[in-house]
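Going by my numbering, the residue at position 115 of the sequence shown is 132; the numbering climbs one at a time, nothing skipped.
In case anyone wonders, no lab produced these hints; they're calculated from the structure.
Idealized CB from N, CA, C, for every residue including glycine.
Cβ pair distances, simulated, as ranges:
(1) D132 x N74: 23 to 33 Å
(2) V101 x P34: 27 to 37 Å
(3) L134 x G64: 31 to 41 Å
(4) H128 x V101: 35 to 45 Å
(5) C88 x G51: 27 to 37 Å
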Amino acid sequence: MPHRDGHPTGPPRGASPRQVRFYEAKSLITSTRGPNNYRDCSEAALGRDQQIRELLNAGLSTQAIRAILPCLQSPRDPIVFEGVTSETVAALERERDSLTEHIDILARNRHAIADYLAELQKRAE
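Model the full assembly from the supplied sequences, consistent with the hints where possible.
Structure, rendered in structure tokens:
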């Protein structure tokens, strides 16, 4: 069922009308206008919201996100290879490496917290 940015309960899944407009402007999602001039977005387009926010929070540019969105689709959109430069590939490799580093840090922190909690639980017994 399509959702409208003017719906009284607001867009689903935390996608504000402002975010939807921004994502549209950056060609990250598409929508149509209904007869009432409200923006109609598909569930799939709005489902991208969390992925896009997480990628933006991880430091990826909207250009990089637009390039990798087809890899996140199910079923996949055709992956576009035209216009991909060695600079784009290098930027994506840097982003991947940065994400890997963040994941490693998070895993170490999670492990340290788990160890600390285990010690607290032992002492509480």
